[in-house]
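2 protein chains.
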Amino acid sequence: MSIGSPNFNRQAKRREATRQEILAAAWEVADEQGIGAVTLREIAERIGMQPPSLYSHFPSKMAIYDAMYQQGWEEYLEVVCQLEPRLPAQPRAALATVAAEFFDFALAKPTRAQLMNERVVPGFVPTAQAYAPAVAALDNLRMTLTRLGASDEAAADLFTAVLGGLVSQQIANEPGGRRWRLLLERAVDMYADEVGMPGPRLTARTELAGSHS
Amino acid sequence: MSIGSPNFNRQAKRREATRQEILAAAWEVADEQGIGAVTLREIAERIGMQPPSLYSHFPSKMAIYDAMYQQGWEEYLEVVCQLEPRLPAQPRAALATVAAEFFDFALAKPTRAQLMNERVVPGFVPTAQAYAPAVAALDNLRMTLTRLGASDEAAADLFTAVLGGLVSQQIANEPGGRRWRLLLERAVDMYADEVGMPGPRLTARTELAGSHS
DNA sequence: GTCTATACTGTGATAGAC
DNA sequence: GTCTATCACAGTATAGAC
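In order, the protein sequences belong to chains C and E. Each residue of the first sequence is one higher than the one before, starting from 1 at the first, in our numbering. Each residue of the second sequence is one higher than the one before, starting from 1001 at the first, in our numbering.
Keep in mind the hints are simulated off the structure, nothing from the lab. Certain hints may be false.
Said to hold, decoys possible - Here chain E is said to cover these stretches of chain C; the calculated rule only asks that three of the stretch's residues, wherever they fall, bring their Cβ under 8 Å from a Cβ of chain E: (1) 29 to 43; (2) 77 to 86; (3) 190 to 200.
Note that CB positions come from ideal geometry on N, CA and C, so glycine has one too.
Assemble the whole structure, with the sequences as input and the hints as a guide.
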């Protein structure tokens, strides 16, 4: 059978389906027991395979992590692409929307966020191909920030740091809670003030302790 | 031999010395090859022991990680305790000093910072005892922030998020570099402005793109 | 091409001799 | 307290059935 044969499409589809099945099982294990609990045996058992059979679809366990990493960022990229044309006109409101989307996306599946943003798997470094959608998403963010008024590259770095910090604190200290989620609008205002973004604040400014005599 | 016997002190000291030797070897491996590369065999080899002998001093590998975690936070706690009486009078300068100390402490040993702040070891959760110095350090930070004018609890959470975000971005994207380190003073100003901290800014405010006609 | 069967290496962990 | 021996399980790899 050659590439052009009638059976090619069918077999390729079946192969891709198996690949997705493997990844789905891997995500299942990761969500239930943590990224570190993902083993080839566990994946194989869930889809009724023998562990070595997985090597017909992925060259190594790292390749599975790599595909998961890529999948996570592709999902996020799609979210922001769908979001962008529907952003509010007000710069601060737009920034708050972007921030909320990022935060909620991360907290919806903390395990996915950990794999995407932290180094939870010892020795795992995403390949260039898997890293591509992450770069695209970051470029998109930079573009949006520039459009909204945060001109310099440093401003973009500051924004990702603030946003990433809030997400990471929420996941590490209170997964499932909203303690840092509630700080999101205030953080956006803080950032918007810093980069001189116009428009009224989204949140009321907190008074300094002792300053209200 | 009982607890009160003359040999107790000597034996206890020797035992504690061995414990420290094990931990030192573990840090050595972690610094050289990453936290995930720490194995009982590698530790044992470095101090001329057989791997199972480590179990005479630590009940499990997790217990070793736990002791490392505690050690890291104890080191940081000592740093901030020595720092506090020497803080500048100006609130913003004081805040900048605290932030710089935290950042530089973390970046001095990224592996230590990862263990302290991120979930790099699958399944590892610090025990209450190991977590104690971390709580003490955080309480200290909260106290300092309150004294400097950031009254509410939310303000403290916001500060740790910003600071943690900067550190985490630096470690993840450019370990050994200074890209996010250079944003530290600006971030402190941003935060100080948000909580209404008095005093002049430490950094010049960046103009909004297009606003300088 | 895909799956089964089997084996190799390295890991954390335990039991028992000294 | 340290050692030797051993276990269970991980990821990985290869050979061979179909």
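Verification of the hints:
no.: 1; hint: 29 to 43; result: holds (count 4)
no.: 2; hint: 77 to 86; result: violated (count 0)
no.: 3; hint: 190 to 200; result: holds (count 8)
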